[in-house]
Amino acid sequence: MISRRGILLKIGAVIFAAAVIYLWQLAADARLISPVFFPSPTRTWGAFLAMEERGDVWWPMASTALRMFYGWVLASLAGIVLGGAIARSGPVRAYLEPLLEFLRPLPASAIIPPAILFLGLTSKMAVTVIAFGALWPVLLGAYHGFRSVPPQLVEMAAAMRMKSMAFIWKVALPNALPDIFAGVRVSLAIALILAVVTEMQAAQTGLGFNILMAQRSFRSPELYAGTIVLGILGFFTNYALVRAEKHLLRWRTLTR
Amino acid sequence: MKLGRYRGALIPLVLIVLWELGAATGVLPPDTMSRPSEIVVAGWDALLDGSLLLATAQTFQTALIGLALGSCIGMVIGIFVGLSPILEGIIGPTLDTVRPIPAVALIPLALLIYGFGVRMEVLVITYATVWPVLIVTISAVRGIEPRLLEVAQTLEMPTFSRMRRIVLPAALARIAVGIRVSAGVALVVAVTVEIVLNPQGLGYGMIIAAQSLRPELMWAELLWVGFAGWAFNTLLSLIDRRWLRRYQPGGAEGR
Numbered sequence: 001m002i003s004r005r006g007i008l009l010k011i012g013a014v015i016f017a018a019a020v021i022y023l024w025q026l027a028a029d030a031r032l033i034s035p036v037f038f039p040s041p042t043r044t045w046g047a048f049l050a051m052e053e054r055g056d057v058w059w060p061m062a063s064t065a066l067r068m069f070y071g072w073v074l075a076s077l078a079g080i081v082l083g084g085a086i087a088r089s090g091p092v093r094a095y096l097e098p099l100l101e102f103l104r105p106l107p108a109s110a111i112i113p114p115a116i117l118f119l120g121l122t123s124k125m126a127v128t129v130i131a132f133g134a135l136w137p138v139l140l141g142a143y144h145g146f147r148s149v150p151p152q153l154v155e156m157a158a159a160m161r162m163k164s165m166a167f168i169w170k171v172a173l174p175n176a177l178p179d180i181f182a183g184v185r186v187s188l189a190i191a192l193i194l195a196v197v198t199e200m201q202a203a204q205t206g207l208g209f210n211i212l213m214a215q216r217s218f219r220s221p222e223l224y225a226g227t228i229v230l231g232i233l234g235f236f237t238n239y240a241l242v243r244a245e246k247h248l249l250r251w252r253t254l255t256r
Numbered sequence: 001m002k003l004g005r006y007r008g009a010l011i012p013l014v015l016i017v018l019w020e021l022g023a024a025t026g027v028l029p030p031d032t033m034s035r036p037s038e039i040v041v042a043g044w045d046a047l048l049d050g051s052l053l054l055a056t057a058q059t060f061q062t063a064l065i066g067l068a069l070g071s072c073i074g075m076v077i078g079i080f081v082g083l084s085p086i087l088e089g090i091i092g093p094t095l096d097t098v099r100p101i102p103a104v105a106l107i108p109l110a111l112l113i114y115g116f117g118v119r120m121e122v123l124v125i126t127y128a129t130v131w132p133v134l135i136v137t138i139s140a141v142r143g144i145e146p147r148l149l150e151v152a153q154t155l156e157m158p159t160f161s162r163m164r165r166i167v168l169p170a171a172l173a174r175i176a177v178g179i180r181v182s183a184g185v186a187l188v189v190a191v192t193v194e195i196v197l198n199p200q201g202l203g204y205g206m207i208i209a210a211q212s213l214r215p216e217l218m219w220a221e222l223l224w225v226g227f228a229g230w231a232f233n234t235l236l237s238l239i240d241r242r243w244l245r246r247y248q249p250g251g252a253e254g255r
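As you go down the protein sequences, you meet chains A and B in turn.
When you line the first sequence up against this note's numbering, it's residues 1 to 256, in that order.
When you line the second sequence up against this note's numbering, it's residues 1 to 255, in that order.
Derived by calculation from the structure, the hints in this document are not laboratory data.
Values in this document were obtained by computation on a predicted structure and should not be read as measured data.
Every residue, glycine too, gets a C-beta built ideally from N, C-alpha and C.
Errors might be hidden in some of the hints.
To be verified - Where chain B lies over chain A, by a calculated footprint (3+ residues, C-beta under 8 Å):
hint, stretch
1, 47-59
2, 107-116
3, 121-127
4, 157-165
5, 176-182
6, 234-245
As the list claims (entries may be wrong) - So the derived label-pair ranges between C-beta atoms look like this:
hint, chain 1, residue 1, chain 2, residue 2, range
7, A, Gly12, B, Thr159, 13 to 23 Å
8, B, Ser51, A, Leu26, 28 to 38 Å
9, B, Thr234, A, Asp29, 19 to 29 Å
10, A, Arg104, B, Gly115, 47 to 57 Å
11, A, Pro35, B, Leu18, 21 to 31 Å
12, A, Val92, B, Thr159, 52 to 62 Å
13, A, Lys246, B, Gly92, 12 to 22 Å
14, A, Leu249, B, Asp45, 36 to 46 Å
15, B, Thr159, A, Tyr239, 17 to 27 Å
16, B, Leu235, A, Tyr22, 42 to 52 Å
17, A, Phe37, B, Leu213, 49 to 59 Å
18, A, Ser164, B, Gly92, 39 to 49 Å
19, B, Asp45, A, His247, 50 to 60 Å
20, A, His247, B, Leu213, 49 to 59 Å
All chains should be built: construct the whole structure from the sequences, respecting the hints.
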């Protein structure tokens with residue numbers, strides 16, 4: 001019964017999505033909005049195929065994804081180390097917390113101008129900005145995770161005279177992993193956003209730059225296609241991370 | 001310890017003094033790292049001649065319009081989707097497919113439709129702010145005590161007053177959390193759109209200062225943006241504490 005309902009809902013979902021696309025097509029064909037801004041799905045698909053043939057889909061996508069990935073990895077590593085250090089060490093917290101509290105609410109894109117001054121319009125600049133922006137969710141997640149080690153575990157580790165490195169590695173880090181993953185996922189979304197922004201700002205090759213160029217030359221079907229490809233990139237990177245999380249945290253469901 | 005609670009100020013202070021000394025002696029390149037004293041002067045001048053305040057007003061105006069629109073859309077869709085699992089099954093997947101499109105990817109599209117100005121920025125901010133409110137609203141509405149909804153059914157309340165009397169008050173506290181998240185997003189997206197291309201507001205001021213080789217003004221504006229963001233956040237949490245806490249059932253707020 002439930003599964004039948006589920007199947008019906010799935011069919012409904014597909015029909016709804018198809019209806020949205022169909023309405024889009026109808027609205028575009030009827031020229032409710034000027035086709036300059038609002039190409040039909042068929043034209044968008046045609047533009048996608050043309051872009052694909054020219055090699056304008058996968059290469060830009062790869063360079064966007066690569067920059068996003070570098071920045072994200074840097075941010076994740078720095079965030080976990082800093083978050084853990086701040087959470088487990090009083091002095092580090094006292095010295096660093098106010099500085100970080102000031103930097104945190106700063107919109108990540110606001111550091112683009114100084115980053116351009118220092119590093120120029122380069123890939124390095126883009127990765128720096130991405131890493132800075134993506135740092136905070138991981139840092140906060142790691143901080144919460146390392147802070148919330150159950151006191152029983154801390155006592156047990158003390159009773160077993162665990163070395164502090166072993167404690168971090170065997171107790172604190174596994175305990176913090178779910179929170180870290182939550183942060184890392186938010187960071188990934190931010191990294192994609194900043195990858196696109198820095199491309200637009202610094203004319204780096206990539207999907208973001210391509211859609212901006214498509215706009216400047218009023219090639220709206222390509223603009224739509226590029227935007228959708230960006231969405232697909234976001235969807236799949238997030239999906240991959242969710243799968244990785246499920247895999248790495250499978251012990252959690254076993255122990256509970 | 002002698003330093004006590006001022007330890008947090010130590011590292012920034014040392015950095016600032018080193019920075020000032022380094023810039024004064026020419027160790028640091030003056031075209032990027034202007035001296036902190038110059039930065040303060042530039043910021044003070046910009047504050048006095050009103051340009052900074054005008055830019056701030058522009059940025060916040062667009063951010064707030066976008067936030068208002070985005071929150072309304074998110075709440076309306078969220079309430080309906082939250083109340084009806086069937087509706088969620090049907091339009092949920094479509095929403096999930098659209099959501100990963102990053103807001104900034106819409107900048108070229110918004111520019112194509114509206115050209116430069118407030119409207120294109122509002123469009124991008126609206127899109128960005130819909131999602132946090134939408135997601136929180138769905139889970140808030142779904143978390144409403146089922147007995148409350150049953151009461152509404154028993155009383156045969158019409159849909160509108162059921163929304164107003166039961167659903168909104170019960171879900172408002174958690175929706176407010178989503179709106180707070182969105183408010184932060186709105187400010188960030190506003191500054192981002194301005195940095196990328198919209199010629200108005202704080203972000204544009206920064207990028208122009210950087211491009212016209214006035215690093216001291218750029219740093220001053222960066223500090224100001226940080227301050228404005230912090231002030232905005234503090235204001236929101238004050239509002240939250242002052243007016244919205246009363247909707248929170250004492251301690252019963254699960255999860």
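Right, here's what the structure says about each hint:
{"no.": "1", "hint": "47-59", "result": "violated (count 0)"}
{"no.": "2", "hint": "107-116", "result": "holds (count 9)"}
{"no.": "3", "hint": "121-127", "result": "violated (count 0)"}
{"no.": "4", "hint": "157-165", "result": "violated (count 0)"}
{"no.": "5", "hint": "176-182", "result": "violated (count 0)"}
{"no.": "6", "hint": "234-245", "result": "holds (count 3)"}
{"no.": "7", "hint": "A:Gly12 <-> B:Thr159: 13 to 23 Å", "result": "22 Å, holds"}
{"no.": "8", "hint": "B:Ser51 <-> A:Leu26: 28 to 38 Å", "result": "48 Å, violated"}
{"no.": "9", "hint": "B:Thr234 <-> A:Asp29: 19 to 29 Å", "result": "51 Å, violated"}
{"no.": "10", "hint": "A:Arg104 <-> B:Gly115: 47 to 57 Å", "result": "34 Å, violated"}
{"no.": "11", "hint": "A:Pro35 <-> B:Leu18: 21 to 31 Å", "result": "58 Å, violated"}
{"no.": "12", "hint": "A:Val92 <-> B:Thr159: 52 to 62 Å", "result": "55 Å, holds"}
{"no.": "13", "hint": "A:Lys246 <-> B:Gly92: 12 to 22 Å", "result": "20 Å, holds"}
{"no.": "14", "hint": "A:Leu249 <-> B:Asp45: 36 to 46 Å", "result": "53 Å, violated"}
{"no.": "15", "hint": "B:Thr159 <-> A:Tyr239: 17 to 27 Å", "result": "37 Å, violated"}
{"no.": "16", "hint": "B:Leu235 <-> A:Tyr22: 42 to 52 Å", "result": "45 Å, holds"}
{"no.": "17", "hint": "A:Phe37 <-> B:Leu213: 49 to 59 Å", "result": "37 Å, violated"}
{"no.": "18", "hint": "A:Ser164 <-> B:Gly92: 39 to 49 Å", "result": "46 Å, holds"}
{"no.": "19", "hint": "B:Asp45 <-> A:His247: 50 to 60 Å", "result": "56 Å, holds"}
{"no.": "20", "hint": "A:His247 <-> B:Leu213: 49 to 59 Å", "result": "50 Å, holds"}
Figure legend: structure checked against the earlier numbered hints; hints not met, in rising order: 1, 3, 4, 5, 8, 9, 10, 11, 14, 15, 17.
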